[in-house]
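At position 74 of the sequence shown the residue is numbered 74 (the UniProt record's numbering), and the sequence of numbers has no breaks.
By construction, these hints were calculated from the structure, which means they are not laboratory data.
Every value quoted in this text rests on a predicted model; they were computed, and no experiment measured them.
Glycine included, every Cβ here is placed at the ideal spot set by N, Cα and C.
Hints may be right or wrong, so weigh each one.
Now the in silico label distances, taken between C-beta atoms and shown as ranges [claimed, not checked]: (1) I3 x F72: 14 to 22 Å; (2) A90 x E47: 14 to 22 Å; (3) G28 x G96: 44 to 52 Å; (4) L8 x G28: 20 to 28 Å; (5) R95 x K43: 36 to 44 Å; (6) L80 x A9: 24 to 32 Å; (7) N34 x L1: 42 to 50 Å; (8) E69 x G28: 38 to 46 Å; (9) L1 x E69: 44 to 52 Å; (10) E53 x T27: 28 to 36 Å; (11) G28 x R66: 19 to 27 Å; (12) A26 x D68: 36 to 44 Å; (13) K43 x L1: 19 to 27 Å.
SDA-like, lysine to any residue: derived pairs with alpha carbons at most 25 Å apart [to be verified]: (14) K4 x M56; (15) K4 x N44; (16) K43 x G64.
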Amino acid sequence: LAIKYFQLASQSGHVNAYYNLAQIHATGTGVPRNCHTAVELYKNVAERGRWSERLMEAYVSYRGGRVDEALFKYLFLAELGYEPAQTNFAYIIDRGGLKIAF
């Protein structure tokens, strides 16, 4: 019964519901243990955290013409495994946006 309510809550975007579902699937509590599902749910939790604010900051920097600043922000998030940041970093590099030397 708890799983049903966690699923309903997660569909409404509640981060704690995603986390609880991830825990349930990781431990196999009431459902067959499924690490793949648990990882996907944990990823949803991570992407809905403060990192999304950092991604928006990088986007605002890019739109404001501060490309070097945006690149550093995207790079930081990309190194943490945040896929949208990896994509945005690659996009800027591909468009010739790198003006700094590492």
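Hints the structure violates: just list their numbers, smallest first.
Hint check: 1, 5, 7, 11, 14 and 16 fail, others pass.
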